[in-house]
Amino acid sequence: MESNRTESRENRYLNPYLGGVLLGLVVIAAFYTSGRGPGATGALKGLIVTGVEAVVPEAAASSGFVAEYREPLPGHPLRSWLVFQMMGLITGGFLSGAFAGRLKFRIEHNYRITSERRLLMALGGGILFGFGSQLGRGCTSGAALSGMSVLSLGGFITMVSIFGTAFALAWFFRKNWI
Amino acid sequence: MGPLVIYEVISENINLLTAFIIGTAFGWVLESSGFSSSRKLAGVFYGYDMVVLKVFFTAAVTGMLGLLFMSLFGWIDLSLVYVNPTFLTSAIAGGVVMGAGFIMGGFCPGTSFSAAAIGKIDAMVFIVGLFIGIGLFGAGYSIWQELYLAADMGHLKISDSLGMSDGLFALLLILAASAIFYFAEMVERKFASHRL
Chain A
1 MESNRTESRE NRYLNPYLGG VLLGLVVIAA FYTSGRGPGA TGALKGLIVT GVEAVVPEAA
61 ASSGFVAEYR EPLPGHPLRS WLVFQMMGLI TGGFLSGAFA GRLKFRIEHN YRITSERRLL
121 MALGGGILFG FGSQLGRGCT SGAALSGMSV LSLGGFITMV SIFGTAFALA WFFRKNWI
Chain B
1001 MGPLVIYEVI SENINLLTAF IIGTAFGWVL ESSGFSSSRK LAGVFYGYDM VVLKVFFTAA
1061 VTGMLGLLFM SLFGWIDLSL VYVNPTFLTS AIAGGVVMGA GFIMGGFCPG TSFSAAAIGK
1121 IDAMVFIVGL FIGIGLFGAG YSIWQELYLA ADMGHLKISD SLGMSDGLFA LLLILAASAI
1181 FYFAEMVERK FASHRL
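Chains as they are written, first to last, in my numbering: chain A, 1 to 178; chain B, 1001 to 1196.
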């Protein structure tokens, strides 16, 4: 009985339309205060730039990738809006999970595949997503959601491209999910 | 008048503090909407859980409408906000690579952090992948620089490129989103047996 109750509590999520309105308000708050929308990969790029500058400063100085990140951000590479926002994102996710009783170390996957396969797919997916987010100048948050909110043409194109490709490839990856 | 930091209503340091607070709300909403579960996220591509479409499009419409109305009321100067530049080739190519990463890994970057925050090990591995992917892009930057900088269309708005007002485009997007929500509810009923 007790386990049933925990299970249902664990699966209780916010109404998706309410969640969407709240997420939209987050986007508005970001633009209203900072003039920029939220994003997720910018902070990771900042960490990588910090690492490269610390370990191989000569390579950093000649890198077009580092120069592009540095141009609007001449101070410390981690003194960035996106880095602070990302620390908040992790905090907020943790708090929400804690209140909902969802804090637990586990590998979530379909019963038809092994944990090892799930982790391998997650690693591969992460590599592709990380690479694509740099090529596309932002991910689902920074390019698609923030971009669409300010009617950026590129934001709409990237959104259609991300979801279109995932739908097109869904059949090939179906065993991992259904 | 916003953006507050550009009009110097708040200082650069306060801006970083609000970044943390806004990020906390961001992470909270992602996690509590179920975006910390890759199986819920991937559901949209198989029809058993359409939460991604519902949350994402509601958020995009809310964000767009809110900013347009705030601009109308004179609360925010939209000419000063950052509109993502459009580089046609890389926007499409980057989206294709990200889409492949999405269906393979089951997360996007923001959602993977909200999932890692509650202990999902698959999300932590996805994040390791993100660092590798970004690092690879940076390391080979000169190889794909040409592709990255091709077809620069500047900070172009979709409404301008279609030759219509922002308001008319917003209305069309709301109609499109309503159709998407109707479709999402229909599909979910059809595939209800696959639900998690």
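These aren't lab readings, by the way, just hints derived from the structure by calculation.
Among the clues, some could well be false.
Per the computed footprint, the stretches of chain A lying under chain B, defined by three or more beta-carbons under 8 Å from a beta-carbon of chain B, are [as the list claims (entries may be wrong)]:
#1 99-107
#2 110-123
Between beta-carbon pairs, the in silico distance windows are [claimed, not checked]:
#3 A:S62 - B:L1171: 29 to 35 Å
#4 B:G1140 - A:A98: 38 to 44 Å
#5 A:F99 - B:L1172: 21 to 27 Å
#6 A:V160 - B:D1152: 45 to 51 Å
#7 B:R1189 - A:F172: 31 to 37 Å
#8 A:N11 - B:E1185: 27 to 33 Å
#9 A:T50 - B:A1176: 36 to 42 Å
#10 B:M1164 - A:A67: 35 to 41 Å
#11 B:V1009 - A:S62: 18 to 24 Å
By construction, the Cβ of each residue, glycine as well, lies at the ideal position given by its N, Cα and C atoms.
Verification of the supplied hints:
Counting residues of the stretch 99-107 of chain A whose CB falls under 8 Å from any CB of chain B gives 7; the rule of at least 3 is met. With a cut-off of 8 Å between beta carbons, the stretch 110-123 of chain A has 6 residues touching chain B; three or more are needed, and the interface restraint holds. For A:S62 and B:L1171, the Cβ-Cβ distance of about 49 Å falls outside the hinted range of 29 to 35 Å, so the restraint is violated. Between B:G1140 and A:A98 the beta carbon distance is about 40 Å. The supplied range of 38 to 44 Å therefore holds.
About 38 Å separates the C-beta atoms of A:F99 and B:L1172, a value inconsistent with the hinted range of 21 to 27 Å. Separation of A:V160 from B:D1152 is about 19 Å and departs from the stated range, judged on CB atoms against 45 to 51 Å. Range check, B:R1189 to A:F172: about 26 Å between beta-carbon atoms, so the 31 to 37 Å window is missed. Checked against the given bound of 27 to 33 Å, the beta carbons of A:N11 and B:E1185, roughly 19 Å apart, lie outside it.
In this structure the hint that A:T50 and B:A1176 lie 36 to 42 Å apart at CB holds, the actual value being about 41 Å. At roughly 37 Å, the beta-carbon separation of B:M1164 and A:A67 lies within the given 35 to 41 Å, and the hint holds. Evaluation of the 18 to 24 Å hint for B:V1009 and A:S62 yields a failure: the beta carbon distance comes to about 39 Å.
Consistency with the previously given hints fails for numbers 3, 5, 6, 7, 8, 11, ordered from lowest to highest.
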